[in-house]
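Undergrad: Each chain, letter by letter, is given below.
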Amino acid sequence: MVAQIIFLVLTLAAIALFTVNLRKIIRNIRLGKPVDRRDQPQKRLMTMLRVAFGQSKMVVRPIPAFLHFFVYIGFIIINIEVLEIMIDGLFGTHRIFNGLGSLYNFLIGSFEILAFTVWVSCAIFLVRRNILKLKRFSGVEMKSWPKSDANYILITEILLMSAFLLMNAADAKLQLLGASHYVNAGAFPVSQYLINILPSTEKALVIIERSCWWFHIVGILAFLNYLPYSKHFHILFAFPNTYFSNLEPKGEFTNMASVTNEVKAMLDPSYVPAETEPGKFGAKDVTDLSWVNLMNAYTCTECGRCTSVCPANITGKLLSPRKIMMDTRDRITEVGQNIDKHGAEHQDGKALLDDYITREEIWACTSCNACVEACPVNIDPLQIIMELRRYAVMEESQAPGSINAMLGNIENNQAPWKYSPADRFNWAQES
Amino acid sequence: MEFKVPTMAELMAAGEEPEILFWVGCAGSYDERAQKITRDICKILHHVGIKYAVLGTEESCTGDPAKRAGNEFLFQMQAMTNIEVLNAYNIKKIVTGCPHCFNTIKNEYPGLGGTYEVIHHTQLIQDLINEGKLKAEGGESFKGKKITYHDPCYLGRGNGIYEAPRKALEVLDAQLVEMKRCKSNGLCCGAGGAQMFKEPEKGNKDINVERIDEALETSPQFIAAGCPFCMTMLSDGIKLKDKEQEVKVLDIAEITARANGL
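The listed protein sequences derive, respectively, from chains X and E. The numbering of the first sequence is full-length UniProt numbering, which starts it at 1 and goes up by one. The numbering of the second sequence is full-length UniProt numbering, which starts it at 1 and goes up by one.
There may be inaccurate statements among the hints.
[To be verified] Think about it this way: if two alpha-carbon atoms lie no more than 20 Å apart in a straight line, the pair counts; the simulated SDA-like pairs of lysine to any residue are:
no., chain 1, residue 1, chain 2, residue 2
1, E, LYS243, E, ASN260
2, E, LYS180, X, ARG61
3, E, LYS205, X, GLY139
The set of hints was computed from the structure by calculation and includes no laboratory data.
Model the full structure from these sequences, guided by the hints.
TA: Written out as structure tokens, the structure reads:
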């Protein structure tokens, strides 16, 4: 009975804490500017099913795709087991679903195989990061916390899967001993090999089985609450992020409605501008970005596929699309913390541009869309870069000198180079 | 040129409308290397007998480099002025000689009041081949020659057009070899996003050199391009590698014109 109460309190506390943090993140995302992404619901749903659920963009790199698939499937399927654990924990039952008979055996057997493949995949991931030191996982933005974050996630998953398998092994041995409360249920294709290393007294086995059971479920609840602080948040946000992702051709950049108004008024003095909210052009800080940009930042799992295909980054420039996303997330988190501590009106004098992302980074971008194409969850770092450029150019007139010269040429000669408009058709005179 | 390139103003004066407007673009108009491509596109249009026209001195920058540099004002000023001209001529269909113009007019003009059917010149060539109006005969033979095609970002990833340029090359019976990074994974030439007009940021290599190294790995005789900016970047790369004699960088329009003896 005491165990059931402890279990109930722990579960409720974990869910409550997670809800509080999730709501904070949603509030932070809502600090972004509005953008309507409710059109074409069917196409959006298909995109989500294909890209997030079906992992379609992962296959470009077959080895991590294969390993990630095991971890992903393991995560989804083993959650069925968590449901049983929840019911058992609340009602003091044991293996409540065993009435399913052979189906139950099949399920437990599958969970075991999946747990094992998750274990192996995570171990290989650790080796790739820490021993093989793959280039994709390094970079200026991958020091300290982001580096540890990745390792914590992998180690936690390995520990959780180990506890699950050890629990089953102890359970299986108790079933063999005919211990009361331990019904004969389940198939143990993996944990059967652990049976021999376990002690043979019933008392010791029960301690191991219970400890692993508690470790497994408390670990899951703790991991749930780790998510909002971690890059691992993608396991939840990959779904809304792909649903609300851009469906237009990647080459198309948005036309700013506020500018359209002013330009129309300039070209036609009789034009009455539509009502629009006055605001700045482009983005200086995260709150000038759209909510989709901010959701993108929370979804990023720092895999670095974007940076590894970025032509600027490949050739040694400072720009890293992954850093753009991580900076955006760090800054919106900071803005959120400021609101919690000092209220909504507080200004800390900092901004995304210059305090996090430098001019050198945004001007190195070729707008080639390789980063957008590479992202397995449809994150768009290019849009953030463009919004920062818009601010630098339209609000501050701060562009590299040669860019200003090019803009001046378009304005005066209707071409980016300094040629006379009268000479535009000269090409037809030669052969 | 052996024939006169018709302008919209002339057609209008004669009370005629073209089937298609050829949007030349700034590079195609002023850049000496790109002018050759422009003339070859005209030769192809003339050869197949499509009724076309250009805007001539009435053409103006689409505003693409201004937009990618962050100057939305200048972009929309350019766009709206151009749309006024295009709509006044009642233009329905446009072929561009540049993926940047193509992307801008196709995707960004409709929201500002300019809706047209827009195709890139490699798509036009593919259509003409499919319709049997254009073959690869009567000119230089590319049979068995090694050609590698460089995907321009604003044609490929930007608009998902990977097949048309390749179809235009397949008809040559040449040996097409793909670079390691091609199609949706293609590496930028380094000129997009207004980079064409500025010095690159500090780094350890120029992007076009990285790309040329990759192209040369396929040991091609020709590098095929579909964008005047890529053309500049790739030609500079070849010059830097001192390979101008062995490897030619040609636009797909030039290859097509040569194969047909135009």
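Undergrad: A separate judgement is required for each hint: does it hold in the structure or not?
TA: Outcome of the hint check:
In summary, the hint linking LYS243 (chain E) to ASN260 (chain E) is not supported, as the alpha carbons are separated by about 26 Å, beyond the 20 Å threshold. Between LYS180 (chain E) and ARG61 (chain X), the direct Cα distance comes to roughly 14 Å. Compliance with the 20 Å bound is thereby established for this hinted pair. At most 20 Å may separate the alpha-carbon atoms for a hinted pair to count; LYS205 (chain E) and GLY139 (chain X) meet this at roughly 17 Å.
Checked against the numbered hints given earlier, the structure breaks only hint 1 and satisfies all the rest.
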